[in-house]
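Participant: The primary structure of each chain is shown beneath.
There are 2 protein chains.
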Amino acid sequence: MSRHAIHLEKAIDELKRLILSLGTDVEESARLAVQSLTQRDSDLAKRVIEADYEIDQREVYVEEECLKILALHQPVANDLRLIIAILKINNDLERIGDLSVNIAERAVYLSTEAKVELPFDLQNMAKKVRSMLKRSLDSLVNRDEKLARKVCEDDDAVDDLNREMYGCVAQAIKKDSNNLNSYIQLLSASRYLERMADHATNIAEDVIYLVTGEIIRHGSKTEEAEF
Amino acid sequence: MSRHAIHLEKAIDELKRLILSLGTDVEESARLAVQSLTQRDSDLAKRVIEADYEIDQREVYVEEECLKILALHQPVANDLRLIIAILKINNDLERIGDLSVNIAERAVYLSTEAKVELPFDLQNMAKKVRSMLKRSLDSLVNRDEKLARKVCEDDDAVDDLNREMYGCVAQAIKKDSNNLNSYIQLLSASRYLERMADHATNIAEDVIYLVTGEIIRHGSKTEEAEF
Numbered sequence: 078m079s080r081h082a083i084h085l086e087k088a089i090d091e092l093k094r095l096i097l098s099l100g101t102d103v104e105e106s107a108r109l110a111v112q113s114l115t116q117r118d119s120d121l122a123k124r125v126i127e128a129d130y131e132i133d134q135r136e137v138y139v140e141e142e143c144l145k146i147l148a149l150h151q152p153v154a155n156d157l158r159l160i161i162a163i164l165k166i167n168n169d170l171e172r173i174g175d176l177s178v179n180i181a182e183r184a185v186y187l188s189t190e191a192k193v194e195l196p197f198d199l200q201n202m203a204k205k206v207r208s209m210l211k212r213s214l215d216s217l218v219n220r221d222e223k224l225a226r227k228v229c230e231d232d233d234a235v236d237d238l239n240r241e242m243y244g245c246v247a248q249a250i251k252k253d254s255n256n257l258n259s260y261i262q263l264l265s266a267s268r269y270l271e272r273m274a275d276h277a278t279n280i281a282e283d284v285i286y287l288v289t290g291e292i293i294r295h296g297s298k299t300e301e302a303e304f
Numbered sequence: 078m079s080r081h082a083i084h085l086e087k088a089i090d091e092l093k094r095l096i097l098s099l100g101t102d103v104e105e106s107a108r109l110a111v112q113s114l115t116q117r118d119s120d121l122a123k124r125v126i127e128a129d130y131e132i133d134q135r136e137v138y139v140e141e142e143c144l145k146i147l148a149l150h151q152p153v154a155n156d157l158r159l160i161i162a163i164l165k166i167n168n169d170l171e172r173i174g175d176l177s178v179n180i181a182e183r184a185v186y187l188s189t190e191a192k193v194e195l196p197f198d199l200q201n202m203a204k205k206v207r208s209m210l211k212r213s214l215d216s217l218v219n220r221d222e223k224l225a226r227k228v229c230e231d232d233d234a235v236d237d238l239n240r241e242m243y244g245c246v247a248q249a250i251k252k253d254s255n256n257l258n259s260y261i262q263l264l265s266a267s268r269y270l271e272r273m274a275d276h277a278t279n280i281a282e283d284v285i286y287l288v289t290g291e292i293i294r295h296g297s298k299t300e301e302a303e304f
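These protein sequence lines are chains U and P, in that order. Quick note: the first sequence uses our numbering, first residue 78, plus one each step. Quick note: the second sequence uses our numbering, first residue 78, plus one each step.
For the record, the hints were derived by calculation from the structure and aren't laboratory data. Careful: at least some of the hints might be erroneous.
Below, simulated DSSO-like cross-link-like pairs (lysine-lysine); rule was C-alpha separation at most 27 angstroms, straight line [as the list claims (entries may be wrong)]: (1) Lys145(U) <-> Lys87(U); (2) Lys204(P) <-> Lys123(P); (3) Lys145(P) <-> Lys145(U); (4) Lys93(U) <-> Lys211(U); (5) Lys252(U) <-> Lys251(P); (6) Lys251(P) <-> Lys165(U); (7) Lys192(U) <-> Lys251(U); (8) Lys123(U) <-> Lys192(U); (9) Lys165(P) <-> Lys211(U); (10) Lys251(U) <-> Lys251(P); (11) Lys93(U) <-> Lys223(U); (12) Lys227(U) <-> Lys93(U); (13) Lys123(U) <-> Lys211(U); (14) Lys93(P) <-> Lys145(U); (15) Lys145(P) <-> Lys93(U); (16) Lys145(P) <-> Lys165(U); (17) Lys227(P) <-> Lys205(P); (18) Lys123(P) <-> Lys204(U).
Derived CB-CB ranges, DEER-like [what the hints assert, rightly or not]: (19) Ser79(U) <-> Arg220(P): 35 to 45 angstroms; (20) Glu241(P) <-> Glu91(U): 42 to 52 angstroms; (21) Gln248(P) <-> Arg220(U): 47 to 57 angstroms; (22) Arg220(P) <-> Glu91(U): 24 to 34 angstroms; (23) Asp120(P) <-> Lys227(U): 29 to 39 angstroms; (24) Glu86(U) <-> Glu141(P): 36 to 46 angstroms; (25) Val137(P) <-> Glu127(U): 36 to 46 angstroms; (26) Gln116(U) <-> Asn201(P): 32 to 42 angstroms; (27) Lys145(P) <-> Lys192(U): 52 to 62 angstroms; (28) Val137(P) <-> Asp120(U): 40 to 50 angstroms.
Ideal Cβ positions, reconstructed from N, Cα and C, are used throughout, including at glycine.
Excised from the complex, chain U in its bound form (with noise of 0.2 angstroms):
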């Protein structure tokens, strides 16, 4: 292997690094946020607001890594493929942490109303799509199409627990139309998990192009019609 070679594969080995970092505490910023709403815990709301600048400033920094490798290696083929798969990956990991932003800001709103109760586990959705996160990012390091499918697959039974979450909040906006804000908060903070995984599932697409070299993206990421 020439030295050139050598430089480029530890370049890319340093780019999956900073990436898998950025997406675990991506992960864990949705975490927060999602605890921050369901324990009305706005200070917690608050540091997760706060915190998304850092994550900001990573992506940043990620995408002039890829830029920078781009211009000194000029790779081809595969490695090409690679550092264009992880800038695209790179821009859906910050749009996640600005859902979390979104899903934190709903909880600071929430915790200074009255508490309404719902019959729907949103830690336990939000559960689902960090483990689609956190998988989209493993098929990515150990090129592994079968996981990345997986995490396409589970896409849908997300889809239909934001379905499940509007029926359980049109069902009590009808029963108590005074706390109409609150619940279409809540509602909110389903959308931004459902959006979660869309970005998770764009990054398997992703992977899988660059496994297989087959496209499969724009397959169900439009929303179902009835809801």
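Start from chain U and add chain P according to the hints.
Facilitator: Here is chain P on its own, set in the frame of chain U:
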């Protein structure tokens, strides 16, 4: 100018042409989606949904072209930045296309339900969003930082409209909870428009970075806590 540089310049010009043409069609798709909703025209809505397949194919094509240029011409500095910006903008355009599909799906649903009235001009909101999209692409082609900044500013106006829509819907539901579903669907449409404006803002922010090197993304991308 070397033969290599001339080839690269031609390839980049063709790329700009492709992204502009995609942008025009995405803008038209957004227009028709909102028209199908306000005119309760489910045939038009279905055409918007079907036409998205072609938009998706073209996004894939643009990405392939970007990768080809990176591999064949190995551009550096400004050219490299431009191609990466186009890759990202391409992605934003595809997602705007998806949001048009989401709106059209709502239109299909609403066309089967009783008509509800809302004192809110969704078409006016859509017009503002399409103007943002158009100007963001103009700012790319003309490397017009000032125009790009104007697009970013306009995002706040669209956020305000979305909040206004929310107020209208909340009031309507309180008065007429029988048509809850329809109102929530209309609210979704307004949110989809607001997300389109976010994508146009992303594009403008990429242009500002391209022209000035200044990173201004991650500014006002999250929604306000009160809604």
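Participant: Tell me, which hint numbers fail for this structure?
Facilitator: 6, 18 and 24
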